[in-house]
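Participant: Two chains, two frames, some hints: make the complex.
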Amino acid sequence: MNGRPSPGRPSPGHPSPGLVTRYAAGDPDVDDVTAWSVELHLDGCAPCRALLAGGVDGAGRALLDRVAGAVDRGIVSGPAPVPARRGLFGRRVPGRTGTVRAVTPWLLTAVGLLAVACAAQRLGSPQDPQDPLVLLVSPLVPLLPVAAAWSRGNDPAWEIVSSTPRAGLGLLLRRTLAVLLVLMPALALAGRLTGVPPVAWLLPCLAFTAGSLALGGLVGVSRAAAALAAVWSAGVIVPTLVTRQVPAVLEPGARALWAAAVAVLCAVVLLRADDHRRLTSHD
Amino acid sequence: MWNTPPSGPLDREGVVSPGVTQGIEAVDEEELLRRTARGDRRAFDELYRRTSPWLLVRLRRRCDDPDVLADVLQDTYLAAWRGAGGFVGAVAGGSSASWLWSIAVHRLVDAMRRRARTARVPLVEPSGTAAPAEEEALAAHLGPDVENALTALPPELRQVVQTLILDGLSVREAAVLLGMPEGTVKSRARRARIALREALS
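For the record, the sequence lines run as chains G and X. Our numbering applies: residue 49 is where the first sequence begins, and numbers increase by one. Our numbering applies: residue 95 is where the second sequence begins, and numbers increase by one.
With the rest of the complex left out, here is chain X (with noise of 0.2 Å):
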């Protein structure tokens, strides 16, 4: 079930105004990241040491190789730090995190087209067992008409439309990450958008 939110010093405090000192402790990602484009060191620190871990989970439900994680991570670190400048937090409503996500994904996408030329990286299979989802996680975001109709879903059909719709890549670098040829990525998405407007109809 969905609890209230946990509350502590991680709390999201009110919004900071320019120029005010505050523990950084206090400042959110996007304050965070507006001051590393100054070159502020400390806060890419504090950046760094609140975002890798969900961006090392969520990558390595991509893929499983470490060398390949440390690489893609390392790159996008580096990316963020360089060009902080370039994120435009109140455009667009994209959040901090949105953004660090969009510069890693396409990064495992390079990382996977150069390693399909030497090696078959070891992808993450998707989970056959479309088991009963936990009524827990999907209130709030999906709803229950959409939960039911992924939950619905063949695992292959599934993972591409998560590829394509969660992870937000192009079908081309969707195939390159998921392995498979961009025809097959394609009528994947057909299959499971006519499934889709089946069950939410």
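The following block holds chain G by itself, in its conformation from the complex (with noise of 0.2 Å):
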């Protein structure tokens, strides 16, 4: 076989309609032999093709309609199609680096706002440590990557995910939550050794984390994450940046409050672990 005819030009034969309406129409007195030189032709022959559309019979025209409208549902349902992927100069890649792809940017967005944290806090007042800018974004930071980890646009098993409860973003929090109690004490150590205390952050990130899935069980995780982003930007992230001075929700005072709430909300989750069990659209 060698190709499609190139376009605008005849290719130098084609099978005779009859043939081509007979195949189509199943004639079983078109033989095997003839029918694979056929199907090679069809492979390669867009009219050919379209002249076999004209053959088809009654009943696959029933088949193929009802096939249409499957296929619109499950369109409609489903996740849209995964956009061509291109490398370096538009070169296509091919393999799957979907997630990596959708993580990146994110990952480089959480890195670049904390060091504009860094460095705003560093020219703008260098005689006053305490200027909290870092504190305050810090506790969202680590969502946004874990949060971008998973879409259902780039997960090739989304069909398998979608029919099940406890998986998707949910899945990806609850590992973070699992991780960040094992590592808190570690970190409250580390902290308590160098002066440096990153507990003072990661315990309210912990508490998101937590808050999420807590809340999640109401309204959805996805929902919940979004709605405790934006309540700490607009309660406790702006009017700081206002005032300039250090909210009291993160006083070292208020550690122990921090460790109380992470604690409650993590009963809420066992506690209600049965909200997670039915079915959600995740996306």
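There's no promise every hint is true.
One side of the interface only, derived from the structure: several residues of chain X facing chain G at Cβ under 8 Å [to be verified]:
| id | residue |
| --- | --- |
| 1 | Thr145 |
| 2 | Arg154 |
| 3 | Pro160 |
| 4 | Leu167 |
| 5 | Gln168 |
| 6 | Leu172 |
| 7 | Ser192 |
| 8 | Ser196 |
| 9 | Ile197 |
| 10 | His200 |
| 11 | Arg201 |
| 12 | Leu244 |
| 13 | Glu250 |
| 14 | Arg252 |
| 15 | Leu260 |
| 16 | Ser295 |
Bear in mind the hints are in silico, worked out from the structure with no lab data behind them. A quick note: this is a predicted structure, and the numbers were derived from the prediction, not measured. Cβ atoms here follow ideal geometry from the backbone N, Cα and C, with glycine treated the same way.
Facilitator: What follows is the structure, encoded as structure tokens:
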């Protein structure tokens, strides 16, 4: 087989319309070898495929209409096409790099946010290391890449995930919660030894993760995470930037309250575990 | 006999340059797939309209069960919708039709594998009449020597050759599709190879 005829130029030969029609109708007189030849030709010849379409019988037409309806429903309820992947200079890249591609911008955003906060803190008030910009944005920073790490558009197993209650973003948040719960004592110890307490911002971060899961049982994890981030931004970050004072919720004295909140929220997550047993849209 | 190509509105037009708006009728199928990859539903519907009858007819020669056929077609086009971006058209000279066929035939094998656990699916038997092949069909692609050699093969060997070569399946997949053990597929392929070599030498 030497591929399709080049555009605009007639190819050397086509099977007669009668033969194509008989092949389309499944005529048993069209023997194997003839059919083989016709199929090879049809592979590369769009005009003959159009000719064949006219020869399909009524049962075939009905079947195709039925399938068209089912495909339409599948498309409406499923994700959009995965866009063609291109590497540097528009080169096509085979293989699955969807997750990395989706998460990388968010990771860069998170790192950039931290860098800007650090720079602002150094430039703005070198004499006042208590300027809380880093402290303010840090609790939200890990949530960005975590939330971006799963979306149905880039997950090849999306159909399976959508038929599983505890998957997608909820699963990621639960894992984050588990990791942070274990890491927190070690971080507290390291902070005590070095005098720089990462526990100050990781503890609120932990509370946000647990809070997203607890609230997610009611409204869905995606909405819960977005709502908590919005509340934090509007209720803490903006007022602090205006008043230039460390907010009360981030004072060292408030850490016990954060720890208590984490304990309560984890308990809620465990007690309301049944909230996550139903299927959600996972988008 | 082989005719001059049918002319008409469906004849292929010149190469489509990106960014130029054209009537969807004039766009070739590779371009339809590229538009589908960008989420263009009209392009996908046009692709379905053009290729689904061909795919149905070709699949129907391999499997008779309308329910299986409907499932396979549905799976194929949903996979094509989602995976259109993975179609690397220019590379390796692949046409959109071969791409669709390779999806469809593997879905057919999957469907057969599922069905094999519950019930037997009526397979299309190889047509026993190795009738003198119609001279009209065979000139362009196979050549008279290959045509004669294939016609001389026993039908059960020809069926295996067709599944392995024309359909592009592996031995394991061919065994599922034809409903026979892998060893049988292998031995028939070997016998067919020997017979073809003798006929062509």
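Participant: Evaluate each hint against the coordinates.
Facilitator: Comparing the hints with the structure gives:
1. Because the closest C-beta pair between X/Thr145 and chain G is about 7 Å apart, less than 8 Å, the hint holds.
2. Using the Cβ-Cβ criterion of 8 Å, the hint placing X/Arg154 at the interface with chain G is satisfied: the shortest such distance is roughly 6 Å.
3. Nearest Cβ of chain G to the Cβ of X/Pro160: about 6 Å, under the 8 Å cut. The hint holds.
4. Satisfaction of the interface hint for X/Leu167 is found here, the shortest Cβ-Cβ separation to chain G being roughly 5 Å, below the 8 Å cut-off.
5. Among the interface hints, the one on X/Gln168 holds; its C-beta lies about 5 Å from the nearest C-beta in chain G, closer than the 8 Å criterion.
6. Hint status for X/Leu172: holds, given a least beta-carbon distance of 5 Å to chain G, under 8 Å.
7. Nearest Cβ of chain G to the Cβ of X/Ser192: about 6 Å, under the 8 Å cut. The hint holds.
8. Taking 8 Å as the C-beta cut-off, the interface hint given for X/Ser196 is violated, the closest approach to chain G being about 11 Å.
9. The criterion of a C-beta within 8 Å of any C-beta in chain G is not met by X/Ile197, whose closest approach is roughly 13 Å, and the hint is violated.
10. Interface restraint check for X/His200: the shortest CB-CB distance to chain G comes to about 16 Å, outside 8 Å, so the restraint is violated.
11. Because the closest C-beta pair between X/Arg201 and chain G is about 12 Å apart, greater than 8 Å, the hint is violated.
12. Hint status for X/Leu244: holds, given a least beta-carbon distance of 5 Å to chain G, under 8 Å.
13. Evaluation of the X/Glu250 hint against chain G yields a violated restraint, the C-beta minimum of about 11 Å exceeding 8 Å.
14. Among the interface hints, the one on X/Arg252 holds; its C-beta lies about 5 Å from the nearest C-beta in chain G, closer than the 8 Å criterion.
15. With its C-beta approaching chain G no nearer than about 6 Å, X/Leu260 sits inside the 8 Å limit, and its interface hint holds.
16. This hint is violated: X/Ser295 has a C-beta 19 Å from the nearest C-beta of chain G, more than the 8 Å allowed.
The structure is inconsistent with the numbered hints 8, 9, 10, 11, 13 and 16, although it conforms to all the rest.
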